[in-house]
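Quick mapping for you: the protein sequence lines, in order, are chains A and B.
For the first sequence, position 76 (counting from the first letter as 1) is numbered 76 according to our numbering, and the numbering increases by one without interruption.
For the second sequence, position 52 (counting from the first letter as 1) is numbered 52 according to our numbering, and the numbering increases by one without interruption.
Hints are computed from structural coordinates only; laboratory data are not their basis.
Beta carbons: idealized from backbone N, C-alpha and C, even for Gly.
Fair warning: there could be bad hints in the mix.
Said to hold, decoys possible - Cβ pair distances, simulated, as ranges:
| hint | chain 1 | residue 1 | chain 2 | residue 2 | range |
| --- | --- | --- | --- | --- | --- |
| 1 | A | 219 | B | 261 | 48 to 56 Å |
| 2 | A | 306 | B | 211 | 44 to 52 Å |
| 3 | B | 265 | A | 219 | 46 to 54 Å |
| 4 | B | 211 | A | 311 | 22 to 30 Å |
| 5 | A | 313 | B | 133 | 56 to 64 Å |
| 6 | A | 215 | B | 39 | 24 to 32 Å |
| 7 | B | 382 | A | 219 | 49 to 57 Å |
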Amino acid sequence: MKNIILNINGRSIQTVEGRTVLKAARENGIYIPTLCYHPRTKQAGKCRICVVEVEGLPGLRISCSLEAKENMVVLTNTERVLETRKMIVELYLSSGKHNCISCEANGRCELQEVTYRLGIEKSTFPVLTKDYPPDTSSPMIIRDLNKCIQCYRCIAGCNNIAVNEVLDMGFRGSNMTVVCDTNKPMGKSSCVICGECVQLCPTGALTEKKAFGKGRPWEIKKIKTTCPYCGVGCQVHLHVKDNEIVKVTGVEEVAPNYGSLCIKGRFGYDFVHSPERLKMPLLRKNGKFVEVSWDEALDFTASRLLEIKKARGPESIVGIGCARTTNENNYVMMKFMRAAVGTNNVDHCART
Amino acid sequence: MSNSIREIENSPVLFVIGSNTTEAHPVIANSMKRAVKKGSILIVADPRKIPLTRWATKHYQHKVGSDIALLNSVMHEIIKNGWHNKEFISSYTEGFDELQKVVSAYPPERASEICGVSEDGIRELAMLLGTAERVALYYTLGITEHVTGTDNVKTCANLQMLLGNIGKEYTGVNPLRGQNNVQGACDMGVLPDVFTGYQKVADETVREKFATAWGINSLPETAGTKIPAMFDGMLHGDIKALYLVGENVVMSEPHQAHTIRALEKLELLIVQDIFFNETAQYAHVVLPAACFAETEGTVTNTERRVQRVRKAVEPPGQAKEDWWIISELARRMGYLMDYTSTEQIWEEVRKLTPNISGITFERIEREGLQWPCPDINHAGTCYLYCDNIFPCGKARFQPAQWKPPAEVPDREYPFVLTTGRRLWHYHTGTQIRKSAGFDDVFPEELIEVNKEDAGSLGIKNGDYIRVVSRRGMLRVKAWVTDHVSPGLCFMTFHFHEACANALTNNAFDPFAGTAEYKACAVRLEKEG
Ligand code: SF4
Ligand code: SF4
Ligand code: SF4
Chain A
1 MKNIILNING RSIQTVEGRT VLKAARENGI YIPTLCYHPR TKQAGKCRIC
51 VVEVEGLPGL RISCSLEAKE NMVVLTNTER VLETRKMIVE LYLSSGKHNC
101 ISCEANGRCE LQEVTYRLGI EKSTFPVLTK DYPPDTSSPM IIRDLNKCIQ
151 CYRCIAGCNN IAVNEVLDMG FRGSNMTVVC DTNKPMGKSS CVICGECVQL
201 CPTGALTEKK AFGKGRPWEI KKIKTTCPYC GVGCQVHLHV KDNEIVKVTG
251 VEEVAPNYGS LCIKGRFGYD FVHSPERLKM PLLRKNGKFV EVSWDEALDF
301 TASRLLEIKK ARGPESIVGI GCARTTNENN YVMMKFMRAA VGTNNVDHCA
351 RT
Chain B
1 MSNSIREIEN SPVLFVIGSN TTEAHPVIAN SMKRAVKKGS ILIVADPRKI
51 PLTRWATKHY QHKVGSDIAL LNSVMHEIIK NGWHNKEFIS SYTEGFDELQ
101 KVVSAYPPER ASEICGVSED GIRELAMLLG TAERVALYYT LGITEHVTGT
151 DNVKTCANLQ MLLGNIGKEY TGVNPLRGQN NVQGACDMGV LPDVFTGYQK
201 VADETVREKF ATAWGINSLP ETAGTKIPAM FDGMLHGDIK ALYLVGENVV
251 MSEPHQAHTI RALEKLELLI VQDIFFNETA QYAHVVLPAA CFAETEGTVT
301 NTERRVQRVR KAVEPPGQAK EDWWIISELA RRMGYLMDYT STEQIWEEVR
351 KLTPNISGIT FERIEREGLQ WPCPDINHAG TCYLYCDNIF PCGKARFQPA
401 QWKPPAEVPD REYPFVLTTG RRLWHYHTGT QIRKSAGFDD VFPEELIEVN
451 KEDAGSLGIK NGDYIRVVSR RGMLRVKAWV TDHVSPGLCF MTFHFHEACA
501 NALTNNAFDP FAGTAEYKAC AVRLEKEG
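Same shape as in the complex, but just chain A:
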């Protein structure tokens, strides 16, 4: 790969041959908005908001598909560029119901972000009243097509990344809209609720049902960890507010899942806060379980183990570890059985 130098907004930028102007700019912290382009779904050529001016080339250019060339001179914030972006955003704003105040996407919405950056207060175009009833048929996802800007990201995600082949663009002209299968409610369609589309959606058209009203992005701490279910080991962000996990998203930049998750990893998190969680040690006394202190529970357990070891030998004690908990917990468990109890009777359910 050959390195090349180009100039963006008067700054000299180094990148490698074959990269787009958008990528080169973003790598260097230069802001160019995109609404349809996403690093994972690639260019769609729909929104045109990423336009820039290039010296020596006529008109405006779409930076998400423009290849960076040696000595190219690019401007990302000329009046012409900004006017064009404004017009695009205003058209989007007028073509749907965008009430940010109550929208679940407030604070993470990319349409809201460009609107703010361009200093648009409200659209100068008449607002077309779309009036789709919200689709709440899916147990996990709310679809509000009034906020859809037809960027195609969800369609690309569902068909090309998760390859579940549920979503498509349906109808024509001003009725054009995203449909599930043959225009079924999402909950009645072949959707497998992986949430790929939700994670990719730039607006509030697709949101997580269980996260609704649970907190704004600026109140939330994101903690990167590993999905607790299957052996793929998807990397997830737990969104935490006030000691509660309110949402889960996939980590986009790293192996093994690059942002994708399945229904379990994305939506199976609230067991953590189930009221049925064990909160105190329990000891069986006269056939009934009673809550006891850690000291009592541990003293009881340790002394019973010692008694049994003394009476029957360490081989009469067995331990079963857990394929669900961490390496460190498992290591300590096997060390306990071998060093503290003195037996190799330790196994786990690798077989189930």
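Please build the complex by placing chain B with the ligands on the supplied structure of chain A, with the hints as guidance.
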């Protein structure tokens, strides 16, 4: 997995056997489906019409428990047509003659009768695999959960060695691990015969190394008991105490009635878990543990990638991290384990385990690393056996004869019951069923019954029926479908209300100790 997840998408030929990938490993299935979209050939061998078959180029619907017959016959045809990789075989393997001898007894004419795939089907499969430049093989519990599980795995390896599909990108023998840290629990030596990194208990120098590191005089040298023998030992009274960390054995072990009888005999059952699960009711003491979101540490995924787990929230009430509980018990038994953090524990593991000694918390802060990773400058290993260097010198063919499952249908129990998982649920349901929304998607257990069978028994879709095996019975709703072929039924163990393990057979693979969850004989009875 010998190879990596990121290779899947670019593998020219994918051979998936005994893996319901879209439901059990959905994100890996995404890669397989993307490969198909790019033009790869996807071949599925599975007794059921699993969802992945929608994307498959070919689906071979062999009978439950006939994997060895099918694959031996495929190898027979590959050798007959000279498609085997002679150069690889002569340079890097041994035992080819033996293999040839064994598979010669499986001409398609015979194998077809055993496995139910037509003779031409077997020949076609042999051609697809034999003439491909590279094939990556994936399997899951459909291969391992049989009394011949070890032989099944060896047979998969034989096939890939025969074709030279080892030690290169886009090839390999790739088991997909079912739980987030099965790989890690094995790596950590939670097994009766090995310490961390598969260092053998029987090896004196290894024992001495661990004894020194752990500050004790000696460590026991005879291999311990595997899970199946543990339950038998409890029944016979040799085993008096069981310490269960995060396992719901009542739901997850085969032959539930047997499991419960064994637990009831214990003098001490310690259950350490996040919920009061079905097993806890037999306990003498229940210890509340922190869950994944309440703990720091690492887990290892199916491609050997060690990844971080981070604490996001505080545990409820007085629940504690497992390592704290275990260390406290040890201390009270007179053995000091004074850890203050999981990183400290990992550092100890890493020093004792050559395979992973290059992996530190700092190095995996952003992205996990795949072992083997022997030193701090090592980039990790995407695929094993690079340059055909095998741990034991040459790779050895280990041919196996087909044997039927331990229990086959007869007049009294005429159906084969096989078990597995559904996309919407997970294992014994302790987590998913306590998360909102999932019971809306898939509210209760269904037994899949073929249309023809349902018709002849007068069972309609949605009827409740009784399912009876030699070990137990249950009541469950019927799902009349062509996902299963005539004579076959399918259930899961996600629902305690109707848990397949009330029926399954506690027959085990003699080497691995894996139970035959995938095959038992049942009778279906209409209610009323
Ligand atoms: S949730 Fe997944 S399957 Fe469903 S529409 Fe979205 S991307 Fe497609
Ligand atoms: S639903 Fe969202 S992702 Fe899909 S087209 Fe509309 S705005 Fe784009
Ligand atoms: S998100 Fe789904 S595929 Fe990924 S690790 Fe979790 S359970 Fe497995």
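Going down the list of hints, with the structure as the test:
no., hint, verdict
1, A/219 to B/261: 48 to 56 Å, "holds (52 Å)"
2, A/306 to B/211: 44 to 52 Å, "violated (21 Å)"
3, B/265 to A/219: 46 to 54 Å, "holds (53 Å)"
4, B/211 to A/311: 22 to 30 Å, "holds (25 Å)"
5, A/313 to B/133: 56 to 64 Å, "holds (57 Å)"
6, A/215 to B/39: 24 to 32 Å, "violated (44 Å)"
7, B/382 to A/219: 49 to 57 Å, "violated (40 Å)"
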